[in-house]
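Asks: Given chain A, put chain B in place with the hints provided.
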Amino acid sequence: MEKALIAIEEMTRLGIIKSYAIGGGIAATYYIEPVLTYDLDVFFIPVKEGLDELAPIYEFARNRGYPEEAEAILIEEFPVQFLPAYNDLVREAVEEAVTVKYRDVQVRIVKAEYLTAIALQTGRAKDKERAIRLLESKAVDREVLSRILERYDLIDKLTKLEEGNGDE
Amino acid sequence: MGMNKSAEQVFRKKIERRHQLAKLPFEKKIEIVVELQRIAAKIRPDKCRRVWPL
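The listed protein sequences derive, respectively, from chains A and B.
Each residue of the first sequence is one higher than the one before, starting from 1 at the first, in my numbering.
Each residue of the second sequence is one higher than the one before, starting from 169 at the first, in my numbering.
Isolated chain A, as found in the complex (with noise of 0.2 Å):
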């Protein structure tokens, strides 16, 4: 895994994408007890903002010799996949997420608040789970993600979740 961290970090330095987190189940798992997952999710945000965003990443995949495995790349035999930050909230994850140490590489993570308010906002069975157990745990700032869930209008979907109504 640190081989496809390191050339994740290393798209940022050349400037293939501007920026980075790392976020779904992997983000996930950095935070409460580690989930079943098979991509490592990469939220970017990309250098110029159009129709192909994801183009500039394939070709530095090609031209490494990464192949593409359905929506997902193979860094160093890695799946990763590439998800251009599609709304307000999941660029402000990007822009805010934390630097880790994964062995010996950094890497950028989708603060806990964050990672709770996309999985609210995302809403599907298993991003209901998700926001369930991050909430459980105490990874989570609640003032924080109060703020979040304000701007974005998504206290209403928290509410809904805590009240065990959380299917629309």
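Bear in mind the hints are in silico, worked out from the structure with no lab data behind them.
Where is the CB? At the ideal position from N, CA and C, for every residue including glycine.
Straight-line C-alpha distance at most 25 Å; calculated DSS-like pairs for lysine-lysine:
| # | chain 1 | residue 1 | chain 2 | residue 2 |
| --- | --- | --- | --- | --- |
| 1 | A | 138 | B | 181 |
| 2 | A | 126 | B | 191 |
| 3 | B | 191 | B | 181 |
Using C-beta positions, here's what the derived DEER-type ranges look like:
| # | chain 1 | residue 1 | chain 2 | residue 2 | range |
| --- | --- | --- | --- | --- | --- |
| 4 | A | 70 | B | 170 | 43 to 49 Å |
| 5 | B | 221 | A | 150 | 40 to 46 Å |
| 6 | A | 162 | B | 191 | 20 to 26 Å |
Replies: Only chain B this time, still in chain A's reference frame:
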């Protein structure tokens, strides 16, 4: 619906166990993720879901 004391204790222990697992170092947690992938692959092999090379 209410819960009896035994059930409450079981659920409380489960949450405590999750909190303990949450405290593991990130590297150890990733090893556990890969172990989960291996177990899942043995039960139901799926070419689209590869076990990570660590």
